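Engineer: The residues making up each chain are set out below.
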Amino acid sequence: QKEVEQDPGPLSVPEGAIVSLNCTYSNSAFQYFMWYRQYSRKGPELLMYTYSSGNKEDGRFTAQVDKSSKYISLFIRDSQPSDSATYLCAIAGNQFYFGTGTSLTVIP
Amino acid sequence: DAEITQSPRHKITETGRQVTLACHQTWNHNNMFWYRQDLGHGLRLIHYSYGVQDTNKGEVSDGYSVSRSNTEDLPLTLESAASSQTSVYFCASSPWTGTNSPLHFGNGTRLTVT
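Chains A and B, in that order, give the protein sequences. Going by the working numbering, the first residue of the first sequence is number 4, and it counts up by one from there. Going by the working numbering, the first residue of the second sequence is number 82, and it counts up by one from there.
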């Protein structure tokens, strides 16, 4: 079983839609959770960083962690064409474990 | 602004050749990492270093080596390139030791082994 699983998509939504991206993980001991955004031909950039359970909001982005279900989510409100990218979840155990990424396209 | 620079951005090499990918960071971070990114596998750790003269193997280290002679640089060497090493390689750094320290990535080197 992989440490983290992520639906690869691709996901295509109209501009202004609410986007939900999700990952599941296997080890309940994990406590640090991150979301990275990766534009085509670029390196991943840190988008959100959360510790333990709960929600964290930053502008149009909300990261949610449900430790009881071992489930993490990233919500994007009022999605924009500039949000078109691949989103990677990452979980920190004794090393970083990355999801395979979800490709998102926001159509104007 | 501080950054991580990887070179070259693209490289084509032949099977059996030795290849070195460069990584230079100006964050003054002690911790540096090399990952490879492949479809269906996500990012996988190759090698990492927590400081000068320190190097450690990651989950996919076979066929790769690194050396750390200063804080800024962590070159990745493929001793004898194989087609299975065709991939996109990312260098990253982090400010403190421990997996609660988020990674800062370079823009990658796309390597093709023919």
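Treat the hints as calculated values from the structure; they're not laboratory data. Among the hints, a few may not be true.
[As the list claims (entries may be wrong)] Listed next, with one range per pair, are the computed distances between beta-carbon atoms:
no.	chain 1	residue 1	chain 2	residue 2	range
1	A	Ser56	B	Gly179	15 to 21 Å
2	B	Ser164	A	Arg63	39 to 45 Å
3	A	Ala20	B	Thr86	22 to 28 Å
4	A	Ser43	B	Ser165	39 to 45 Å
5	A	Ser43	B	Ala163	40 to 46 Å
6	A	Asn25	B	Glu84	30 to 36 Å
7	A	Pro11	B	Asp154	42 to 48 Å
8	A	Glu48	B	Gly179	19 to 25 Å
9	B	Asn151	A	Pro111	29 to 35 Å
10	A	Thr27	B	Ser161	36 to 42 Å
[To be verified] From the derived model, a few chain A residues whose C-beta atoms are all more than 12 Å from chain B:
no.	residue
11	Val16
12	Ser23
13	Ser29
14	Gln34
15	Gln41
16	Gly62
17	Tyr74
18	Ser85
19	Leu91
20	Gln98
21	Gly102
22	Thr103
23	Gly104
Since the structure is predicted, the reported quantities are computational estimates derived from the model, not experimental observations. Cβ coordinates follow ideal geometry from the N, Cα and C atoms, glycine included.
Engineer: Among all the numbered hints in the text so far, which are the ones the structure does not match?
Structural biologist: 3, 4, 5, 7, 9, 14, 15, 19, 20, 21, 22 and 23
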